[in-house]
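Quick note on numbering: the sequence shown equals residues 18 to 494 in this note's numbering.
Simulated from the structure, these hints should not be mistaken for laboratory data.
Be careful, since some hints might not be right.
Claimed, not checked - List time: in silico DSS-like cross-link candidates among lysine-lysine, alpha-carbon distance up to 30 Å:
1. Lys91 <-> Lys117
2. Lys357 <-> Lys312
3. Lys418 <-> Lys349
4. Lys343 <-> Lys384
5. Lys473 <-> Lys425
6. Lys457 <-> Lys418
7. Lys49 <-> Lys77
8. Lys490 <-> Lys475
9. Lys296 <-> Lys77
10. Lys209 <-> Lys196
11. Lys421 <-> Lys312
12. Lys466 <-> Lys493
13. Lys377 <-> Lys347
14. Lys372 <-> Lys254
15. Lys216 <-> Lys457
16. Lys209 <-> Lys228
17. Lys22 <-> Lys228
18. Lys493 <-> Lys426
19. Lys22 <-> Lys49
20. Lys357 <-> Lys377
21. Lys22 <-> Lys62
22. Lys475 <-> Lys418
23. Lys487 <-> Lys297
24. Lys418 <-> Lys297
25. Lys296 <-> Lys216
26. Lys347 <-> Lys22
27. Lys418 <-> Lys487
28. Lys487 <-> Lys438
29. Lys297 <-> Lys216
30. Lys297 <-> Lys490
This one's a predicted model, so the numbers in the text were calculated from it and none came from an experiment.
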Amino acid sequence: MRESKLIKLLKRFDKDEVKRFKDFVSSPYYNKNRNTARVYGELIKFYPDFEDYSEETVYKSSFETEEFDYFAIKNILSDLHALAIKFILVEYKEERSISKEIRILEMLRDKQAFDEYKTRLAKTQKKLESEKTDSEFYLEDKHQLILEEALYWSIFDPNTRFDLMQQELDTLVNFFIVKVVKHYCAILHELKQNNYPFKLTMIDDITRYLKGRSFEDVPIINLYKNIFFLQQTGEYKYYNILQELRDKYYDNLNRGDIYMLFTYMRSYTVVNFARTMDKKYLRDCFELDKFHLDKGIIPLGKILYPDFIAVVKNAASVGEFEWAEKFMDKMKHDLIDDVKTDALNFSYGYMEYLKGNLEKAMELIYKVNFNIFIMQIQVYIMLLRIYYEIGYYEDGLNLIKTAKEYLKKEIAIGEMQKGIKNFLDSTSALIKLRLSVKQKTEINYEKEKLRTNTEKMKNNYFGVKSWLLKQIKSLKV
Numbered sequence: 018m019r020e021s022k023l024i025k026l027l028k029r030f031d032k033d034e035v036k037r038f039k040d041f042v043s044s045p046y047y048n049k050n051r052n053t054a055r056v057y058g059e060l061i062k063f064y065p066d067f068e069d070y071s072e073e074t075v076y077k078s079s080f081e082t083e084e085f086d087y088f089a090i091k092n093i094l095s096d097l098h099a100l101a102i103k104f105i106l107v108e109y110k111e112e113r114s115i116s117k118e119i120r121i122l123e124m125l126r127d128k129q130a131f132d133e134y135k136t137r138l139a140k141t142q143k144k145l146e147s148e149k150t151d152s153e154f155y156l157e158d159k160h161q162l163i164l165e166e167a168l169y170w171s172i173f174d175p176n177t178r179f180d181l182m183q184q185e186l187d188t189l190v191n192f193f194i195v196k197v198v199k200h201y202c203a204i205l206h207e208l209k210q211n212n213y214p215f216k217l218t219m220i221d222d223i224t225r226y227l228k229g230r231s232f233e234d235v236p237i238i239n240l241y242k243n244i245f246f247l248q249q250t251g252e253y254k255y256y257n258i259l260q261e262l263r264d265k266y267y268d269n270l271n272r273g274d275i276y277m278l279f280t281y282m283r284s285y286t287v288v289n290f291a292r293t294m295d296k297k298y299l300r301d302c303f304e305l306d307k308f309h310l311d312k313g314i315i316p317l318g319k320i321l322y323p324d325f326i327a328v329v330k331n332a333a334s335v336g337e338f339e340w341a342e343k344f345m346d347k348m349k350h351d352l353i354d355d356v357k358t359d360a361l362n363f364s365y366g367y368m369e370y371l372k373g374n375l376e377k378a379m380e381l382i383y384k385v386n387f388n389i390f391i392m393q394i395q396v397y398i399m400l401l402r403i404y405y406e407i408g409y410y411e412d413g414l415n416l417i418k419t420a421k422e423y424l425k426k427e428i429a430i431g432e433m434q435k436g437i438k439n440f441l442d443s444t445s446a447l448i449k450l451r452l453s454v455k456q457k458t459e460i461n462y463e464k465e466k467l468r469t470n471t472e473k474m475k476n477n478y479f480g481v482k483s484w485l486l487k488q489i490k491s492l493k494v
């Protein structure tokens with residue numbers, strides 16, 4: 018039976034949200050239909066898996082009847098879905114209580130209830146500072162609160178509180194800088210893997226502004242400033258600075274900013290290993306993964322399967338097989354069901370490959386079929402490496418044809434596409450050298466030519482360059 022939108026949504030609720038949603042549905046302020054609350058009470062008995070759930074069962078138990086009204090239950094479930102969406106909206110609004118307080122101040126000022134306004138203003142200012150976090154949200158709330166206070170004084174004592182005007186400007190500039198630099202960082206990150214013609218408006222002006230200031234008093238700007246320069250220059254010193262900032266401000270940073278810091282730092286290690294083949298970047302990457310898993314912040318909700326696989330591959334690549342298996346055991350339950358089997362088969366297959374168990378690795382990876390290009394091409398790469406190392410040369414040549422056709426479908430990855438095509442061509446040439454009956458001198462010439470061309474490859478995407486060089490070196494003529 019196909020899952021409804023409501024069931025899919027309820028599966029994403031945690032236990033506390035399920036309880037709060039029950040109160041929400043039972044509230045006459047949000048829901049005036051008692052039947053909806055009755056149905057939800059029966060429906061949620063099937064939480065969290067909803068394995069034996071059926072609309073008919075829920076309807077009959079809700080209304081204590083043997084007759085099933087298909088259209089009635091459909092209408093009620095549709096209303097429940099609408100309520101669930103409204104519940105999420107209310108929950109989201111409640112997360113930032115300061116925003117709510119500022120809105121109340123605005124309404125009190127509009128109603129000219131100034132005695133209560135002054136009391137609430139003082140309490141809200143104190144609350145903002147007591148709950149201060151190093152995030153754009155704090156700067157946004159601070160700016161709105163200063164603006165609100167300035168509007169109040171413009172009524173009772175106009176043209177006097179210039180200090181508030183200055184504070185408002187300073188806070189607004191800091192908020193703007195955080196927002197725009199975060200956006201630059203996201204775009205620069207995307208440019209490493211996509212060819213979209215982004216226009217980086219004002220980037221030269223912002224770069225000059227960032228270079229001339231330390232921002233030690235605004236940690237969130239200091240953080241993204243160094244991410245920005247790490248992406249712009251690629252200098253390792255910025256990576257070290259970011260590690261120091263992470264450790265210093267970890268407890269005060271917003272969860273989302275910590276996750277993005279992890280993403281950008283990890284991307285830096287991966288890209289630089291692909292570029293230089295220096296294994297120190299693999300170790301840095303593993304230490305990042307380990308740090309963030311220990312802190313419990315790798316996933317935001319369900320873990321994405323490309324992230325899951327990337328962590329396993331990197332740990333295995335530095336010989337941390339035991340840690341990789343513990344990670345898989347701990348996190349596999351947070352994989353989305355549709356891709357869990359493929360993600361696990363690929364991960365276990367990759368580890369078996371590195372352990373030298375080629376037949377077992379081939380058996381596992383052969384079962385995998387991903388719907389994301391960047392992941393499926395890794396399946397082809399791994400199978401091709403295995404076929405070559407086992408000696409299945411004809412299978413390897415056939416797979417190269419398939420992979421090349423697949424590669425043509427994706428035009429957005431630019432440099433990576435070129436690198437993978439070079440790998441496929443070089444592996445084809447390597448296989449043909451293996452099967453060649455030419456004279457030894459001719460084969461040696463072709464081998465040296467292949468080695469030279471491989472050395473010229475700009476990047477080591479998915480380890481293909483280092484693998485090719487190893488296989489060329491070990492080729493006995």
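*Violations among the numbered hints*: When the structure is compared with the hints, numbers 1, 3, 9, 11, 14, 15, 17, 18, 24, 25 and 29 turn out to be violated.
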